[in-house]
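Peer 1: Using the hints, position chain B against chain A.
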Amino acid sequence: MSKPKVAFYWCASCGGCEEAVVDLGEAILDVVQAVEIVLWPVAFDFKLEDLQAYKPGEIAVSFLNGAVRSSENETWVKLLREKSQLIVAFGACAHLGGIPGLANCTTRDEIFQNKYIRSATVANPKSILPQTETWVDQFNLELPEMWNTVRCLDQVIDVDYYLPGCAPPPDSIAKAVQAILSGNLPPKGSVLAPEKSVCESCPRNETKPETFTIDSFRRLATDTPDPEKCFLVDGFVCMGPATRGGCGERCIRGNMPCRGCFGPTPDVLDQGAKFLASLGSVSRGKTEEEARSFAASLVDPLGTLYRFGLPSSLLHRRTVNKEVS
Amino acid sequence: MLTEPFEPRLIGFLCRWCAYTGADLAGTSRLQYPSNLTAIRVMCSGRVDPTFILKALAEGADGVLIAGCHPGDCHYSEGNYRTQRRFPLLTDLLDQFGVERERVRLEWISASEGERFAQVVRELTETIRTLGPLHWKQRREALART
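Those sequence lines, one after another, are chains A and B.
Those letters in the first sequence? Residues 1 to 325, by my numbering.
Those letters in the second sequence? Residues 326 to 471, by my numbering.
Derived by calculation from the structure, the hints in this document are not laboratory data.
From the three backbone atoms N, C-alpha and C, an ideal C-beta is built for every residue, glycine too.
Below are the DSS-like pairs computed for lysine-lysine, each with C-alpha atoms no more than 30 Å apart in a straight line:
no. : chain 1 : residue 1 : chain 2 : residue 2
1   : A       : Lys188    : B       : Lys380
2   : A       : Lys208    : A       : Lys286
3   : A       : Lys115    : B       : Lys462
4   : A       : Lys78     : A       : Lys115
5   : A       : Lys196    : B       : Lys380
6   : A       : Lys55     : A       : Lys188
7   : A       : Lys229    : A       : Lys208
8   : A       : Lys3      : A       : Lys47
9   : B       : Lys380    : B       : Lys462
10  : A       : Lys196    : A       : Lys229
11  : A       : Lys5      : A       : Lys78
12  : A       : Lys175    : A       : Lys188
13  : A       : Lys3      : A       : Lys175
14  : B       : Lys380    : A       : Lys286
15  : A       : Lys78     : B       : Lys462
16  : A       : Lys188    : B       : Lys462
Just the calculated beta-carbon pair ranges, DEER-fashion:
no. : chain 1 : residue 1 : chain 2 : residue 2 : range
17  : B       : Glu466    : A       : Thr132    : 18 to 28 Å
18  : A       : Pro130    : B       : Asp398    : 56 to 66 Å
19  : B       : Arg447    : A       : Ser297    : 28 to 38 Å
20  : B       : Ser354    : A       : Thr207    : 48 to 58 Å
21  : B       : Gln444    : A       : Glu200    : 40 to 50 Å
22  : A       : Ala221    : B       : Arg426    : 18 to 28 Å
23  : A       : Pro130    : B       : Gln444    : 52 to 62 Å
24  : B       : Arg334    : A       : Lys3      : 49 to 59 Å
25  : B       : Glu403    : A       : Pro4      : 51 to 61 Å
26  : A       : Gly15     : B       : Gln444    : 51 to 61 Å
Just chain A, same shape as in the assembly (with noise of 0.2 Å):
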């Protein structure tokens, strides 16, 4: 019998997912003795006419990582799709939009207007700005579009399972490989990985009180986290409530508060929406000078509660009315 075939591509993404792959050691081995592997752009070299050639449902699984936010990406994910017959997104690009997914604060527009015009290190006298066709001698030469919104993977396509975080860690991808090669797997659309909250395996629960409250938030830039203290109760926020457990606990290991990017717990709709909702019994005052001071403690609440999942989150991005007059 031939082995399945197993797909990896990545999408707008920073490579650290390839890297969760590698991570993987010498359980490596073992993966691709059952498997053959068909695409994975970052160790070997493949064009989309490879992937074209392919029957519809001959791929096995493609591990998709990365988000959305090029017609390019939009091309390979619905090739992929046709050609697999599991779709994983893997990692919290591809599963809930990311730290790309932050772009959605602005618009494309205005990034082009920062990366190749506004930026101090740039010098670009002619004011370019990346075309998706140009004409050079007879030659006419094509980039990608780049959209205004990036998006997660099942804005996209059809997902059949998430493997969240940033990045994945090794035990859970080995764990997700071997079901998949086993055939014992949960259904479909399902995040593998538990269903508790990251307190609930946190080496600090312990020293979290039944009811604590604090007077306003302190910030990692200025201020040290006690190194086995709970962080909210030390006053930094600390995504860890609203965040979905299996992480291992990496950063909090590192005495750096949960950041929230195994994404929302099942049930929950709005990953940052429920963590705001529980800061009402966190904070202490009783007046509305004494709330107003809390809130403006929690510098940047859009990038802090969402720094994984705007794509994701039930408001999508930010727009301003004048964008669309």
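Peer 2: Frame of chain A; chain B shown alone:
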């Protein structure tokens, strides 16, 4: 062709003990106020998860009212303080999303304040009429690819 005048669509989350009873009083007292607000009765303003407000705005509301008991009067003693603490965080967040702060209003309305309820609805309706429709879905879809 004449276009239809804009009628704001407002959602009101009213606490069962004070604001909803106040709204009831406005009705039984035959007070006149705009019919733009759809009232949703909740047990406490503290039950109003910010998710509800974001969902309302994402799915077509032009404005949202949260109304509960005056501070100190909460039936559950603390619920409205929680709402009060969340509210500026929510409006700061909405500001970053590009939603005008005035679209979401928090008010304390007691069971005996029927006239006050009617006045708040009149004011909110006029505020939103001036701001215009939110049309969140259309707005974000218009920006999606272009």
